[in-house]
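Kindly generate the complete structure, drawing on both the sequences and the hints.
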Amino acid sequence: MPITLSENAAKEIKSIIKDQGLPEDKTRLRVGVKGGGCSGFSYMLDLVEDEPAEQDEQLESNGVKIVVDMKSYLYLNGAEIDFKDEVMGRGFVFKNPNATSTCGCGHSFQA
Amino acid sequence: MLCMSKKTEYALMALAHLAEQPGRVASAREIAEAHDLPAPLLMNILKNLQGHGVLRSTRGVKGGYQIARELDSLSLYGLIAMVDCQGHATEGDCGCLEHAHDAAIQLTGSHGPVQALQLKLVRFLKDVRVASLVMPGRRIDVPVERLTLSRINN
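Protein chains in written order, with our numbering: chain A, 1 to 111; chain B, 1001 to 1154.
No false leads were mixed into what you were given.
Computed far set for chain B versus chain A, every beta-carbon distance over 12 Å: (1) G1023; (2) Q1050; (3) E1070; (4) A1081; (5) C1085; (6) H1111; (7) A1116; (8) L1117.
Okay, derived cross-link-like pairs now, SDA-like style, lysine to any residue, Cα gap no bigger than 25 Å in a straight line: (9) A:K84 with B:E1009; (10) A:K84 with B:I1080; (11) A:K65 with B:T1148; (12) A:K11 with A:N77; (13) A:K95 with B:Q1021; (14) B:K1006 with A:S42; (15) A:K95 with B:R1024; (16) A:K95 with B:A1131.
In case anyone wonders, no lab produced these hints; they're calculated from the structure.
Here a beta-carbon is modelled for each residue, glycine too, at the ideal position from N, C-alpha and C.
Structure representation (structure tokens):
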């Protein structure tokens, strides 16, 4: 299953790309996980202009190009990324079916 | 810099652990080991949350703590008041947000802008629901600032 962006998340990513003056055709959303945080892994999002590496998975969701490194893809397969703008802040929410445990700080998970 | 106390952070981590699966029961030791938290302090925090009706405990081999109330009805302000104000002999001497609110109301002679800021912070903490910080799929995993800042730093 691919990684998907909700309409709201895609809209926000496009808006950040525009606000920061990034080239729309070249900019990709790099999604990943890295070791760290109290539950083992934490989520990463970044906007990159570099060409994807050979081993990267390349996807597209709601008009946003996504790249994921192979290792992260194992942990993010089937995840949906949503965007929320609430009283406590604005940011991206991962609905990850591979996460078996997450932590209170919200920055890390176990799989 | 404004920040949450360790006790509030540990309380949120414990609630997130319990909220991971509906009806989950976990001992203080299990939660402490899963998140590398100091067990004695966590036990104290969980006992306190039980006293306030946020958690219920069951005895026995498979016993432990579980969530006893809707976390949508609990504000971050309420949680901070529960875990941080515990054990203070007199109200107002701990400097915590709960009592800071009372102090801000009472100190009519205090500097207006500071009092206004204090009350605004309290209102914000009252608006944040604990459920939106601990329930999977409801909390913010990557704040938008982290995405924009990573570009500025690169």
